[in-house]
Amino acid sequence: MLGNSEQKNLLCLYYSPSEYLKIAIYFIFFYYPRMKFGVCSFSGHAIHRGKGRILVRPNGATFLLSKKKCRSHLQMGMNPKKIGWTLASRIIRKKAVAFKSSSVTVPKVAKSVRAFVGLSLSDLKSKMESSTGEAPAKSGSVRFTKRDKIRSIAKK
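Numbering-wise (this note's numbering), the sequence shown opens with residue 15 and increments by one.
Calculated from the structure, these hints are not laboratory results. Since the structure is predicted, the reported quantities are computational estimates derived from the model, not experimental observations. Positions of the beta carbon are idealized from the N, C-alpha and C atoms, including for glycine. Be careful, since some hints might not be right.
As the list claims (entries may be wrong) - The calculated DSS-like cross-link candidates involving lysine-lysine, where the alpha carbons are at most 25 Å apart (straight line), are:
(1) 95 x 83
(2) 81 x 65
(3) 108 x 83
(4) 83 x 96
(5) 95 x 65
(6) 139 x 160
(7) 114 x 96
(8) 81 x 95
To be verified - Quick list of the computed label-pair ranges, beta carbon to beta carbon:
(9) 75 x 122: 49 to 55 Å
(10) 77 x 107: 21 to 27 Å
(11) 109 x 162: 50 to 56 Å
(12) 106 x 131: 54 to 60 Å
(13) 51 x 98: 23 to 29 Å
(14) 33 x 99: 48 to 54 Å
Let's have the full structure, built from the sequences with the hints guiding it.
Rendered as structure tokens:
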């Protein structure tokens with residue numbers, strides 16, 4: 015069996031330094047486990063790759079935490095809604111939005127006037143045009159008659 019130094023010498027014979035670099039990069043990208051982008055279980059803040067810790071309780075509950083501050087607050091049993099810098103409290107105080115919803119604009123459909131049995135389209139349009147000019151006066155007179163009715167009932 016070869017020693018460590020002899021193995022290194024043999025490897026140097028087979029690969030150039032640039033090839034070693036290629037192999038190392040390949041292993042880093044495809045074989046080493048990488049932490050995904052996550053969200054802190056306590057604060058709701060983003061956790062980037064290589065940051066944060068996973069806390070596992072004896073009952074099997076797991077928490078992904080961004081920093082020691084979050085871990086200590088969680089272990090003390092504090093409520094994230096009552097701590098000002100957490101996302102939960104910001105949502106309660108309406109400083110942050112819980113879920114971003116994209117509103118879809120629906121184009122307004124133009125209403126078409128159609129004739130019906132007993133009234134032609136031209137008659138209907140002429141009545142509509144004539145009623146628009148009378149509408150304010152008519153509504154005022156209706157209001158006046160209602161007021162009179164109420165007063166007459168009150169007098170009795």
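Status of the hints after comparison with the structure:
1. Taking the CA atoms of residue 95 and residue 83, the gap is about 15 Å. The hint holds against a cut of 25 Å.
2. For the suggested pair residue 81 and residue 65, the alpha carbons sit about 8 Å apart, so the restraint of at most 25 Å is met.
3. Among the hinted pairs, residue 108 with residue 83 is consistent with the structure: their alpha-carbon atoms are about 24 Å apart, no more than 25 Å.
4. Simply put, residue 83 and residue 96 have alpha-carbon atoms about 15 Å apart, close enough for the 25 Å limit, and the pair holds.
5. A distance of roughly 24 Å separates the Cα atoms of residue 95 and residue 65; the hinted pair therefore holds under the 25 Å criterion.
6. Straight-line distance between C-alpha atoms of residue 139 and residue 160 comes to about 30 Å, which puts the hinted pair past the 25 Å bound.
7. Between residue 114 and residue 96, the direct Cα distance comes to roughly 23 Å. Compliance with the 25 Å bound is thereby established for this hinted pair.
8. Using a Cα cut-off of 25 Å, the hinted pair residue 81 and residue 95 holds, with the two alpha carbons roughly 18 Å apart.
9. Between residue 75 and residue 122 the CB atoms are about 51 Å apart, so this pair conforms to the stated range of 49 to 55 Å.
10. Taken as a hint, the range 21 to 27 Å holds for the pair residue 77 and residue 107, whose Cβ atoms sit roughly 24 Å apart.
11. Range check, residue 109 to residue 162: Cβ separation about 54 Å, and the 50 to 56 Å hint holds.
12. Restraint check, residue 106 to residue 131: a C-beta distance of roughly 58 Å satisfies the suggested window 54 to 60 Å.
13. Remark: the range hint 23 to 29 Å for residue 51 to residue 98 is upheld by a beta-carbon distance near 25 Å.
14. Distance hint check: the CB atoms of residue 33 and residue 99 are about 49 Å apart, consistent with the given range 48 to 54 Å.
Hint check: a violation occurs at hint 6 only; the rest are consistent with the structure.
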